[in-house]
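So the sequence lines, in the order shown, correspond to chains A and B.
FYI, the numbering for the first sequence is 1 to 463, going by my numbering.
FYI, the numbering for the second sequence is 1 to 482, going by my numbering.
Careful, some of the hints might be misleading.
Unchecked claim - For each label pair, taking beta carbons as the anchor points, the in silico distance ranges come out as:
1) A:ASP240 to B:ALA472: 39 to 45 Å
2) A:PRO319 to B:SER415: 54 to 60 Å
3) A:ALA237 to B:LYS252: 46 to 52 Å
4) A:GLN266 to B:THR258: 33 to 39 Å
5) A:ALA330 to B:ILE442: 43 to 49 Å
6) A:ALA330 to B:ALA353: 28 to 34 Å
7) B:GLY474 to A:ASP240: 34 to 40 Å
8) B:PRO7 to A:GLY243: 56 to 62 Å
9) B:LYS11 to A:ASN123: 35 to 41 Å
10) B:ALA353 to A:ARG183: 42 to 48 Å
11) B:LEU221 to A:THR277: 51 to 57 Å
12) B:LEU445 to A:GLU267: 38 to 44 Å
As the list claims (entries may be wrong) - Result set (DSSO-like, lysine-lysine): computed pairs, CA atoms no more than 27 Å apart in a straight line:
13) A:LYS353 to B:LYS352
14) A:LYS436 to B:LYS436
15) A:LYS454 to A:LYS374
Since the hints were derived computationally from the structure, they do not count as laboratory data.
By construction, the Cβ of each residue, glycine as well, lies at the ideal position given by its N, Cα and C atoms.
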Amino acid sequence: MEAALEPFREAYASEQPWLVAQFLSPLVRPEDAGRLYDFIRSSNEHQIEGDIRYALKYSRRSRMTPAESSAWTDIFVCYWKAVAEILRAEEAFNQSRLGERQLVTVYEAWKELSTTIMKYISNGGIPSWNIVVMYISANHLRVFAIKADEQLAKLKDVTFNTGFSDDIVSTGPRNVKLEEAARVFNKMFALCLGDRNPDVKESRKWGVYYLANLQFKTYFKLNAISLSKNVVRSIEAQRDLPGFELFPKAHRTAYKYYTGVLAFLQEDYAKAEQYLTEAWDLCYADSKKNQELILTYLIPCRLITKHSIPTVALLSPFPRLERIFAPIVACIKKGDLTGFDNALVAGEDELVKRRIYLTLERGRDIALRNLLRKVFLAQGFEDLKEGQAEAHRVRKSRIPIAQFAAALRMGMHGEGSGQVLDEDEVECMLANMIYKGLMKGYISREHAMVVLNKKGAFPGTGV
Amino acid sequence: PKKVVWPEDVKAYTSRALASENEIPGISREDTNTKLKEVLTYHAENDLLQFIRWSTFKLPQDFLAEERGIPPRFEVASLRPQYSPYEDSIERGWMCPPRTNAVMPVPQHTNSRKRKSVDRDDLRADRAPTPPWEKTKPSLESRMTPAPPKAKKRQRKMAKEMLEMNSKFSADLEKRKQRFQNGNAAQVSSPPSPRSPVVEIAPAGPIVGTCQDLKKRYFRLTSEPDPKTVRPQYILEQTLELLNREWAASSKTDNEYTGMCSQFKSLRQDLTVQRIKNAFTVAVYETHARIALEMQDTGEYNQCQSQLRALYKDVAAGNPTEFLAYRILYYVYTRNKTEMNDVLAELTPTDKADGAVNHALDVRSALALGNYHRFFKLYRTSPNMGINLMNHFVERERLAALANMSKAYLTVSLSFLSDKLAFDDNDKCLEFLREKNAQLPIAHLTDKGGVGYTTVRIKECATLFENMRSSAFGKIDIKGQI
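Construct the complete structure from the given sequences, taking the supplied hints into account.
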């Protein structure tokens, strides 16, 4: 046990939270594959507590206070037990004999570890810089919880009320373990946020954003978006957090991303765009996956706020995004409405999964605008009046509705959409364009014409 | 933790539990104490102290004995429900008198249960509990010392495995029950819950109803119901028919609706306690949902809808697509983007082929793009009871359309507006507009043929309509009912 704990002691003595966290991890690096096994074998269930206590407290090489060493004894006992479960599960899995609730046991053991660490940080048993250890263990807990839930989901289906409610069905308990884990994270978050320590170096506040991000990840998976809002609110309510820029970049990028997505889902596209752009700027240039995630939401956002579409150059390093967005973007540019509709249907599953389908639908407006603009351009110019120079040439601004209708029908003809487009509907669409500010002018029913603004019929497009 | 005042009978219960003459060999005092604390804390926390008849309530050591397979003491009234608020309640008048000919006598029922449990628990043969009315005085056998410790430990381990097996068995049994069910829940009985019945108030098995009354007012249950007050399925079927006829013939006032709701809720309750989950259940919920829609009761409709959603997964009956269409319309009404996304993700090709679902999806996309023309066309042609849901948001969409049109048009004729906004006639349209804007700038003109018509200079009302539209699209308040 002495030897096994040596790296920990070194890391601890030099106050390196990352190394300590690495020691307490359930993962192994390839060059050190036997680490967990060695650790387990260095003791057994009955003696583990004694062994660790001896190694930490009484050994001459340890440099901890007695309080610290008893705290760490507890923590290591939990860790040892958790690792034992993990290895047991791994072996069973390799032999295809994984017990039905075995992953749940792993989860429970690891939860014990995380909550123990939290307990000792909260009562001051171990120094505050160990919040890194705490939140990294929380991250592992999240993974274990997800796996445990997967196992549980295979066991039972919709449960029926056994109690005295009036109705037969209660909403089934899915994701029980992840919900439990979420509560643990919340406690950790509150622990960090509520830290009163005036010394910034000793403060627990440094864990705030990491834990917030962890909670976001969990709530998104649990489909409990409203709970995420609480997290944001608590952070905003806290006055004396260290400046945002002082936190590690990784924490900041993730935080901006999640708050951006939250705003997006609430349809606050202006705020979403701001946050997502910040995340984009902060994002590490090589982490393609993160960039892809940010773009998935930033592109539909920009579509709404700036009516702008991504360039081919932007999409090319991201084949998955290209696949989803490229056809839609092309149709918008061309003003091809049926093409747009088809592309949207083709990508429906993926788009709905990421919740951007409903936003992208609005891209149809821009496609329509582009189409109408083409009609406008095709009308040509007014004849020059007396005394006007060539430079004063102005485009025809009175366009019969029939022209627009024809253009729209051209797109729909032969596609078998089965929808007859009557004049009234065309008028409605034109009215919408005007209302949304994509077109400037007014409709004159008596003359069945659209009178467009001479100075800028289609704002933002140069005509 | 709030301070609990222990009533006298609880104190008496406690002293009986710890009295030496009530000790069961094999169960230590510490165990009894722990169990006692569990029992009391549970009831105290859930405010159930006054509902238990502590004088005859099972002692903690009896619960433990049951769990461990040791023969209990003679006082155990094992199968009679321990809680009976009904006996003390004023609503006795509503309880239907037991009809001896139709009633399944309870001891028989007990025996069938006993038989089942003996079949399953061969190892617990010594544990056959007999109801108190079959025993007149304490028998010596029940106070015999149990088997030697070694066997007990094995027994306990077996008992634990039995527990797990039993829960699996009961789940399978439930499924099989559903398949062979012919409407009579009487044959159904799962083995009595081997777990300590104190921790969950769950009844030991589905109740068999014996009540013959067709109508029954609704009361919320707080404990196990008396089978005499629960109606079996064949009665409930007649009830549903009766309610349907009554509703069709009624004038659909609010009072009548409240009465109808109460009847339906008690119907649902009876189905729940008897664990009846079949096509009939689906029909009940669907009917109640439709009536709620008709009366614009979104809260009740929602409750039924969520139950139906889960029922459709297990029971292949009813009209799932009709209600899926309602769900979609409801999410349009509440503008619940997240749920809408989920619904879209779950749609199957069969769903998409259904007329009602298609209609609802078209409504959604029309509104998403602001295509009021299509929206109002769809409003006029909505199938089933969709129109009741659409009525909830038709007004705000009218305001949206007006805001739209007032920016795009200068002047329009009243008939144009009336047609576009799907009003039955021009007058209704005018009424609506006047209600929103007293200073409506209208003009009465005559056309070439001498026919009078009205125009509205809506461009002037643009800001007004825009403001009204914004406030109409503020947060939807569903008054706390999900």
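Status of each hint after checking the structure:
no. : hint                             : verdict
1   : A:ASP240 to B:ALA472: 39 to 45 Å : holds, 42 Å
2   : A:PRO319 to B:SER415: 54 to 60 Å : holds, 55 Å
3   : A:ALA237 to B:LYS252: 46 to 52 Å : holds, 50 Å
4   : A:GLN266 to B:THR258: 33 to 39 Å : holds, 37 Å
5   : A:ALA330 to B:ILE442: 43 to 49 Å : holds, 47 Å
6   : A:ALA330 to B:ALA353: 28 to 34 Å : holds, 30 Å
7   : B:GLY474 to A:ASP240: 34 to 40 Å : holds, 35 Å
8   : B:PRO7 to A:GLY243: 56 to 62 Å   : holds, 59 Å
9   : B:LYS11 to A:ASN123: 35 to 41 Å  : holds, 38 Å
10  : B:ALA353 to A:ARG183: 42 to 48 Å : holds, 43 Å
11  : B:LEU221 to A:THR277: 51 to 57 Å : holds, 55 Å
12  : B:LEU445 to A:GLU267: 38 to 44 Å : holds, 43 Å
13  : A:LYS353 to B:LYS352             : holds, 18 Å
14  : A:LYS436 to B:LYS436             : holds, 23 Å
15  : A:LYS454 to A:LYS374             : holds, 16 Å
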